[in-house]
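Number of protein chains: 2
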Amino acid sequence: MTSIYNFSAGPAVLPQAVLKRAQAEMLDWHGSGMSVMEMSHRGKDFLSILAKAEADFRALLTIPDNYKVLFLQGGAVAENVMIPMNLLNGKSADYAITGSWSKRSVKEAMAIGSINVVAQSEPFTYVPDFADWMLSEDAAYLHICTNETVNGVEFDGLPGAGGVPIVADMSSHILSKPVDVSKYGVIYAGAQKNIGPAGLCLVIVRDDLLEQASATTPCVFHWKQQAENDSMVNTPPTYGIYMAGLVFEWLLERGGVAVIEQENIAKAALIYNYIDSTDFYINEVAEQNRSRMNVPFSLKDEVFNAAFLADAEKHGLLQLKGHRSVGGMRASIYNAMPLAGVQALVDYMKLFEKSH
Amino acid sequence: MTSIYNFSAGPAVLPQAVLKRAQAEMLDWHGSGMSVMEMSHRGKDFLSILAKAEADFRALLTIPDNYKVLFLQGGAVAENVMIPMNLLNGKSADYAITGSWSKRSVKEAMAIGSINVVAQSEPFTYVPDFADWMLSEDAAYLHICTNETVNGVEFDGLPGAGGVPIVADMSSHILSKPVDVSKYGVIYAGAQKNIGPAGLCLVIVRDDLLEQASATTPCVFHWKQQAENDSMVNTPPTYGIYMAGLVFEWLLERGGVAVIEQENIAKAALIYNYIDSTDFYINEVAEQNRSRMNVPFSLKDEVFNAAFLADAEKHGLLQLKGHRSVGGMRASIYNAMPLAGVQALVDYMKLFEKSH
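Taken in order, these protein sequences are the chains called A and B. Using my numbering, read the first sequence as starting at 1 and increasing by one per residue. Using my numbering, read the second sequence as starting at 357 and increasing by one per residue.
Bear in mind the hints are in silico, worked out from the structure with no lab data behind them. In this text the structure is predicted, and so the values were computed from the model without any measurement. Glycine included, every Cβ here is placed at the ideal spot set by N, Cα and C. There may be inaccurate statements among the hints.
[To be verified] What follows is a list of derived Cβ distance ranges for each label pair: (1) B/N585 - A/E313: 22 to 28 Å; (2) A/Q343 - B/L608: 41 to 47 Å; (3) A/Q343 - B/T572: 47 to 53 Å; (4) B/D421 - A/D132: 51 to 57 Å; (5) A/M232 - B/A411: 30 to 36 Å; (6) A/Q225 - B/N629: 38 to 44 Å; (7) B/A614 - A/G256: 52 to 58 Å; (8) A/G157 - B/L608: 32 to 38 Å.
[Claimed, not checked] A short, non-exhaustive set of chain B residues, derived as facing chain A with CB atoms under 8 Å: (9) S359; (10) I360; (11) G366; (12) V369; (13) P371; (14) A373.
Given the sequences, and given the hints that come with them, work out the whole structure.
This is the structure:
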């Protein structure tokens, strides 16, 4: 095997230990004689996998008993449609735009119902001061994206939303640190960044919010129906759930998200400190909103972009190209990225700086 | 490993050769140093996997150039919602009910628009004579389920629908035999029976039908937008697509679906002939509509059901329990089930009959 570090923003690097276990169990899960992919979702083997995945996920985030956990398909983009279907209930909702993903959430939700944009950063390099947010007292919910994957902008706190439930897209930093779930009405996350393979979306929803779905919401998109059927209104993405469960076990074995957070702080400091020490590389995100997971940066002289990426690949540093919409570079350093990978990247960045 | 045969209706048995290859490539796909699960869906490695999967699928079913192939999430149940969103176009649609799944398709579609039930079998043991179908000349489409997984009812022909496009749910028998795609407007199939893991749904759609979507169709459910974006309006279920691609390669190596069809005919004959030779086991499906993929059967004396299933497990014959809604037994004998597996089942059925 080529020795590499994979900085993809998602689908993204998974723990080697998890992949090795999936490899070992591929043809025969726990003596069942079957691959997890071949199991009926209603059989006792898969039901035990699902139950353990949910229990471990609840333990990792200390999810209170009055929240349901759903394992759905469609990723965060489909969830952007399901949120207003399940929550608007004839009212309108508040949305904050702090980057490409929250902007897209607004676009998707506007096809379903009435949406107010209550805060907007320009450019996408900071979270607007909460004091300036124009919140509606009677909004069905307030939607935020607490970590913007494309722009590398992470919330460093929460707005005071009164009794309005906060709905948070945490796709790209869920499980990177402890979260007080009780401060949110809904947390959702596409799996393909910090959880597992693409094709799975986790939704954490407070019980009382299950009563607000529009009557025309199709059953597969209807949170209450999914909650009442253990996410099996339709066949769930069974293998993705199994892989997510292996990642949860790996996180618990490492000591949980409080331990992982310390590693993530160290990894982020390593690369941001280096970027700040030179004018060869630039990250323009406000210091308090710099994402620990996604580090976009540009070269002072963009003429070197292609050379930077090509040489990086030769050093085994892969998928560093920035998102199509912003260009430049982006290093995604999720839970599964070891400190050694970030060190290798910084070493390479220094080397490239010296030779250019 | 325990030596078993897995008769699950879905998620279902996969070819051992495919699972072994996925196992070998789990940590390092073709020297990339990455698992397929870790690859950006927009990177050249995954794009090559997607392109090959589509090309092989097109080759297997001889899909004409004026049809698009989409790789979507949500399975057939979500597709039941997307079909009217994409095709109704202010009109109504005709639906035939020939089993549990087509009945459910009607229920899902009625939440979206105007649906006419034009044929209905009672009980679900046959396909009503096409001459009796009350087709509408101006229907947006005619929906059928060409193989009913729960009831084991398979179409042995197609109704003459005039210019009305036929939309067919082929989830549980796609790739089991050659199909003249040009006779259909849309063919769709959840992957978890004859294609790969759960969480992927393939849609084959004729180009001209991409122009009929309702203006409010969300982008992830919008076939035309998915077609224009190579199924990447949102992150596709990348690992499921990879696994489907391996299954397609396996089918091509075996000689394609015409060869597979002969094996399926032999497998189905083996079990149906035995059932017909005794009154201990019963299958009530009309002979011309007996599914080659899903063989439901009941014991003459249902008091033995639990013993039959428990003893079957001891013989390594797994997941034979019938669907919750119909009870009894069901043997799903998809492409990946070898003739030896069906022979083992029939041998066991004979043994059980003798001892009871």
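Do the hints match the structure? See the list:
no. : hint                        : verdict
1   : B/N585 - A/E313: 22 to 28 Å : 26 Å, holds
2   : A/Q343 - B/L608: 41 to 47 Å : 45 Å, holds
3   : A/Q343 - B/T572: 47 to 53 Å : 50 Å, holds
4   : B/D421 - A/D132: 51 to 57 Å : 55 Å, holds
5   : A/M232 - B/A411: 30 to 36 Å : 34 Å, holds
6   : A/Q225 - B/N629: 38 to 44 Å : 42 Å, holds
7   : B/A614 - A/G256: 52 to 58 Å : 55 Å, holds
8   : A/G157 - B/L608: 32 to 38 Å : 56 Å, violated
9   : S359                        : 7 Å, holds
10  : I360                        : 4 Å, holds
11  : G366                        : 7 Å, holds
12  : V369                        : 5 Å, holds
13  : P371                        : 10 Å, violated
14  : A373                        : 11 Å, violated
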